[in-house]
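There are 2 protein chains.
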Amino acid sequence: MKVRVLVRPKRGILDPQGEAVKRALPALGFSGVGAVHIGRLIELEVESADEVEGMCRRLLANPTTEEYEWEVVS
Amino acid sequence: MKVRVLVRPKRGILDPQGEAVKRALPALGFSGVGAVHIGRLIELEVESADEVEGMCRRLLANPTTEEYEWEVVS
Chain A
163 MKVRVLVRPK
173 RGILDPQGEA
183 VKRALPALGF
193 SGVGAVHIGR
203 LIELEVESAD
213 EVEGMCRRLL
223 ANPTTEEYEW
233 EVVS
Chain B
163 MKVRVLVRPK
173 RGILDPQGEA
183 VKRALPALGF
193 SGVGAVHIGR
203 LIELEVESAD
213 EVEGMCRRLL
223 ANPTTEEYEW
233 EVVS
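Taken in sequence, the protein lines are chains A and B. In this text, residue positions in the first sequence follow my numbering: the first is 163, and each later residue adds one. In this text, residue positions in the second sequence follow my numbering: the first is 163, and each later residue adds one.
It is possible that some hints are incorrect.
The list cannot tell twin chains apart, which means a pair is met if one copy fits it or any two copies do.
Straight-line distance between alpha carbons at most 25 Å, and here's what the computed SDA-like set of lysine to any residue pairs gives [claimed, not checked]:
no., residue 1, residue 2
1, Lys164, Asp177
2, Lys164, Ala182
3, Lys184, Glu213
4, Lys184, Pro171
I should point out that these hints are in silico values taken from the structure, not numbers from a laboratory.
So that you can see chain A by itself, here it is in the shape it has in the complex (with noise of 0.2 Å):
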């Protein structure tokens, strides 16, 4: 089965990715942006979800500065 994690800085975590985005935007002429964040998007084929939730604990996102969240979604 495929899941798909997604990893996000947690809130009031600096996220400079985002900002750099949402400076970037105006000035190719896109406004009405407020905030942007940038995460990660991990797609894993695995055999079972049983282990998903210690994968991504353990290796996929860093608990000090992110939170993340995790569907099977084929």
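Fit chain B to the supplied structure of chain A, relying on the hints for placement.
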């Protein structure tokens, strides 16, 4: 509204982060993991979704090496 953009390496494009995670998981005791792909999660607050496609094409994704999809999430 909040828009979520998922950006992935195109099929056939080298994904060194995904390879690194795929190799690290068995070393941590996680088995049964096949392909791993790592991309970017971008979440934006926008006034209208009209310009999101243009933002993806012009800034958020590299059309040579990456594919993207987006959706309004709230």
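| query | When no copy is specified for Lys184 and Pro171, does a C-alpha distance of 25 Å or less occur within a copy, between copies, both, or neither? | reply | For Lys184 and Pro171, both the intra-copy (15 Å) and inter-copy (22 Å) Cα distances are at most 25 Å.
| field | Intra- versus inter-subunit Cα pairing at 25 Å for Lys164 with Ala182 | value | between (31 Å within a copy, 18 Å between copies)
| What label fits Lys164 with Asp177 when the C-alpha limit is 25 Å: within, between, both, or neither? | between (28 Å within a copy, 17 Å between copies)
| 25 Å Cα threshold - placement of Glu213 relative to Lys184 | Cα proximity of Lys184 and Glu213: across copies only (14 Å, versus 36 Å in one copy).
In the structure shown, no violation is registered for any of the earlier numbered hints.
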